[in-house]
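Start from the sequences, fold in the hints, and give me the full structure.
So the protein lines, in turn, are chains A and B. For my numbering, add 2 to where a residue sits in the first sequence, where the first one is 1. For my numbering, add 2 to where a residue sits in the second sequence, where the first one is 1.
Hints are not guaranteed to be accurate.
Which copy is meant is left open, so a pair is good if it fits within one copy or across any two.
In silico PhoX-like cross-links for lysine-lysine, where the CA-CA straight-line distance does not exceed 25 Å [stated by the list, open to error]: (1) K121 / K316; (2) K121 / K46; (3) K323 / K306; (4) K49 / K145; (5) K95 / K306; (6) K11 / K121; (7) K108 / K241; (8) K108 / K95; (9) K145 / K331; (10) K306 / K316; (11) K316 / K327.
The set of hints was computed from the structure by calculation and includes no laboratory data. All figures in this text were calculated on a predicted structure; none of them were measured in a lab.
Protein chains: 2
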Amino acid sequence: MNDAITLRKIAEMVGCSDSTVSRVLNGKARQYRISAETEQQILKLAKELNFVPNPLAASLRTHRTLTIGLVIPDVSNPFFAGIVPVIQGQCRKAGYSVLLANTEEKTRVEVDSVAMLHKRQIDGLIIAPVGERFDHLLELREKGLPIVLIDRYAPDLPFPYVTSDNFRGAYDAVTYLIECGHVHIACLQGVPYTSPNQERVAGYRQALEDAGIPFNEDWVAGDSFIEENGYYETRILMKDVPRPTALLALSNLIALGAMRAVHEEHLRIPADVSLIAFDDQPFFQFFQPPLTAIAQPYQEMGQKAIEYLLRELKDSHEPHKLALKLPVKLIRRGSVKML
Amino acid sequence: MNDAITLRKIAEMVGCSDSTVSRVLNGKARQYRISAETEQQILKLAKELNFVPNPLAASLRTHRTLTIGLVIPDVSNPFFAGIVPVIQGQCRKAGYSVLLANTEEKTRVEVDSVAMLHKRQIDGLIIAPVGERFDHLLELREKGLPIVLIDRYAPDLPFPYVTSDNFRGAYDAVTYLIECGHVHIACLQGVPYTSPNQERVAGYRQALEDAGIPFNEDWVAGDSFIEENGYYETRILMKDVPRPTALLALSNLIALGAMRAVHEEHLRIPADVSLIAFDDQPFFQFFQPPLTAIAQPYQEMGQKAIEYLLRELKDSHEPHKLALKLPVKLIRRGSVKML
DNA sequence: TATGTTAGCACAAAGGATTGTGCAAACGGG
DNA sequence: CCCGTTTGCACAATCCTTTGTGCTAACATA
Numbered sequence: 003m004n005d006a007i008t009l010r011k012i013a014e015m016v017g018c019s020d021s022t023v024s025r026v027l028n029g030k031a032r033q034y035r036i037s038a039e040t041e042q043q044i045l046k047l048a049k050e051l052n053f054v055p056n057p058l059a060a061s062l063r064t065h066r067t068l069t070i071g072l073v074i075p076d077v078s079n080p081f082f083a084g085i086v087p088v089i090q091g092q093c094r095k096a097g098y099s100v101l102l103a104n105t106e107e108k109t110r111v112e113v114d115s116v117a118m119l120h121k122r123q124i125d126g127l128i129i130a131p132v133g134e135r136f137d138h139l140l141e142l143r144e145k146g147l148p149i150v151l152i153d154r155y156a157p158d159l160p161f162p163y164v165t166s167d168n169f170r171g172a173y174d175a176v177t178y179l180i181e182c183g184h185v186h187i188a189c190l191q192g193v194p195y196t197s198p199n200q201e202r203v204a205g206y207r208q209a210l211e212d213a214g215i216p217f218n219e220d221w222v223a224g225d226s227f228i229e230e231n232g233y234y235e236t237r238i239l240m241k242d243v244p245r246p247t248a249l250l251a252l253s254n255l256i257a258l259g260a261m262r263a264v265h266e267e268h269l270r271i272p273a274d275v276s277l278i279a280f281d282d283q284p285f286f287q288f289f290q291p292p293l294t295a296i297a298q299p300y301q302e303m304g305q306k307a308i309e310y311l312l313r314e315l316k317d318s319h320e321p322h323k324l325a326l327k328l329p330v331k332l333i334r335r336g337s338v339k340m341l
Numbered sequence: 003m004n005d006a007i008t009l010r011k012i013a014e015m016v017g018c019s020d021s022t023v024s025r026v027l028n029g030k031a032r033q034y035r036i037s038a039e040t041e042q043q044i045l046k047l048a049k050e051l052n053f054v055p056n057p058l059a060a061s062l063r064t065h066r067t068l069t070i071g072l073v074i075p076d077v078s079n080p081f082f083a084g085i086v087p088v089i090q091g092q093c094r095k096a097g098y099s100v101l102l103a104n105t106e107e108k109t110r111v112e113v114d115s116v117a118m119l120h121k122r123q124i125d126g127l128i129i130a131p132v133g134e135r136f137d138h139l140l141e142l143r144e145k146g147l148p149i150v151l152i153d154r155y156a157p158d159l160p161f162p163y164v165t166s167d168n169f170r171g172a173y174d175a176v177t178y179l180i181e182c183g184h185v186h187i188a189c190l191q192g193v194p195y196t197s198p199n200q201e202r203v204a205g206y207r208q209a210l211e212d213a214g215i216p217f218n219e220d221w222v223a224g225d226s227f228i229e230e231n232g233y234y235e236t237r238i239l240m241k242d243v244p245r246p247t248a249l250l251a252l253s254n255l256i257a258l259g260a261m262r263a264v265h266e267e268h269l270r271i272p273a274d275v276s277l278i279a280f281d282d283q284p285f286f287q288f289f290q291p292p293l294t295a296i297a298q299p300y301q302e303m304g305q306k307a308i309e310y311l312l313r314e315l316k317d318s319h320e321p322h323k324l325a326l327k328l329p330v331k332l333i334r335r336g337s338v339k340m341l
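Given below as structure tokens:
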């Protein structure tokens, strides 16, 4: 190509050495006592030639790529689709690029993707881990890679994380159901070993127990955050005797699947079954009935996650103990029936 | 770091030169007549040491980064949120990484992002351009960067693209409305200069004219694909006299905004106003009423786009004339009233 | 034996920026 | 006038891989 303007060419034209050009362009002119005259000459020429330093070469030398990795289990899930752009936007403003990986909720894809990102020498990683394994992440942290967990975390591992108060969300939702007179409350869960799922189930269980309602393990059904899982498990639950009068869906997609199943069983929400979704979406208000849901502050989650990461990228290794559980909010709409 | 295993170290340990190691690891052993013995030694050692070649150094030399750029106006829009993971997934399988940029529908952000991607030496670009300018893209193509447009394109510019049949979608929808007896049909448009918007408006207009209904410019309202725009413009339209009896919303988010506005005006869908959304979403079926919409095959759009790009990355510059308009489908549900 | 092949690999440049070290000139103080 | 300090910058190594060129030794051919 002919876009091959390099440091060296500028150096030759100005009649100085590469190092001088490099220092000027990196704003280190003062630090290295480059004369104002030389500095101006270089800056002017660089502008004229439209010089763009080759980041590959710079990274090769500095071991910094100004790139972060963003690893998400399912970008098409509105929850994550809401988070991704805020992280990307903040990164752009901070001068970082984002390498995106979608793991499809598969541990192997996650491991591969993370390895790929690492060999590309990302400076930091924001990840909503699948959650089945953490060894690959620990290994990277040992090697000095700043990592921030988002949405999901590992309770016993010292990663910085930002998530929402999943326990509380589920607890509040179930308590509300109980207040409305429900006793037969089933839980449609997502991926069992993920922290949000575990805490939501724990909240569900605690609320039942605090109300003196026996916990029934069979009524924690399902194994994935996707729509099909909600559909499938609800079809089964709706044939149970006694039939649950209320459902807590542990993701917005699960709730969608549950609604589809309920309709196909020719039952009505909330007349026959009440439903609460974890993770509110704006369009829930237009559902028939408007769907009661637990809202997570996902904008803020993204914001905080990138803030944490940028902080680690700056102060390198001040051993922060960054951890955040953002409050959630039960949005009462029309999908819960008073018994 | 101690992860600093390099080609050279392996070369030293084996007692050969760097080049030999490089060639072996790149599968060029045969081509350069490396002895089977040497080859095995190198491969074995590389495996043992868990050697990972530094892609920065390789890219610096080869001018290939095995990275593509993906530039999207609004990742949080379910339409794009659906496309992104399929592109990312295909890239992963093909050995490419994806640098993601969200332009927030702003030309300046797009220009900056594309420039950034270029200086990072991406091998190819998939972009749903904001559409206001194309010069920066043309410039890159001159420089040899393979570019594929998705969703939006430039009718007069020779970029490969894959989009859907926007004209037909709008035409069919409006024709359906007319068949249902509607005459006062307004159009809530998105970003005016984008190709999908223009073609949808054209389809809207053509359907009206083919039915002998006069086209009213004031009833093509709005300027953005987001929810707020649909809300705002609908509030205004609902006060118009005569009030439109049907609305064609040119994005799923606009439709959401329209619904919110209609509700706040204490009107009913479809009793007072009928509504059709461009771009179907699974959750539309649960709306009150279930929302009639024009479905786009976004999975296939993503698939084809990455297929086109990979083809260009392989055959470098066979001058393909790749262009694809995928068929759309009107999904009739309950948001249109028979008059 | 002299020459031609071929196998097998080494050498060094290239790719482009960064940075630690050090040198020469200018300047200031005594 | 001499020595010490500061100014202003050059040099060359470094980061790591890829690749064009070409050398040496072994073997074959005549």
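Hint by hint, here is what the structure shows:
For a Cα distance limit of 25 Å, the shortest separation of K121 from K316 qualifies both inside one copy, at 21 Å, and across copies, at 24 Å. In this homomeric assembly, K121 and K46 come within 25 Å of each other (Cα to Cα) only across copies, at 20 Å, whereas the closest approach inside a single copy is 37 Å. With identical chains, the CA atoms of K323 and K306 are at most 25 Å apart within one copy only, with a shortest distance of 14 Å there and 45 Å across copies. Taking the shortest alpha-carbon separations for K49 and K145, only the inter-copy value of 20 Å comes in at or below 25 Å, while the best intra-copy value is 38 Å.
Taking CA atoms no more than 25 Å apart as the test, K95 paired with K306 passes inside one copy only; the shortest distance there is 15 Å, against 32 Å between copies. For a Cα distance limit of 25 Å, the shortest separation of K11 from K121 across copies, 18 Å, qualifies, whereas the shortest one inside one copy, 31 Å, does not. When the C-alpha separation of K108 and K241 is checked against a cutoff of 25 Å, the pair qualifies neither within a copy, at 31 Å, nor between copies, at 51 Å. Only between protomers do K108 and K95 lie at most 25 Å apart by alpha-carbon distance; the minimum there is 14 Å, versus 31 Å within a single protomer.
Taking CA atoms no more than 25 Å apart as the test, K145 paired with K331 passes in neither setting, with 38 Å inside one copy and 52 Å between copies. When the C-alpha separation of K306 and K316 is checked against a cutoff of 25 Å, the pair qualifies only within one copy, where the shortest distance is 15 Å, while the shortest distance between copies is 41 Å. Taking CA atoms no more than 25 Å apart as the test, K316 paired with K327 passes inside one copy only; the shortest distance there is 23 Å, against 47 Å between copies.
In the structure shown, a violation is registered for the earlier hints numbered 7 and 9, in ascending order.
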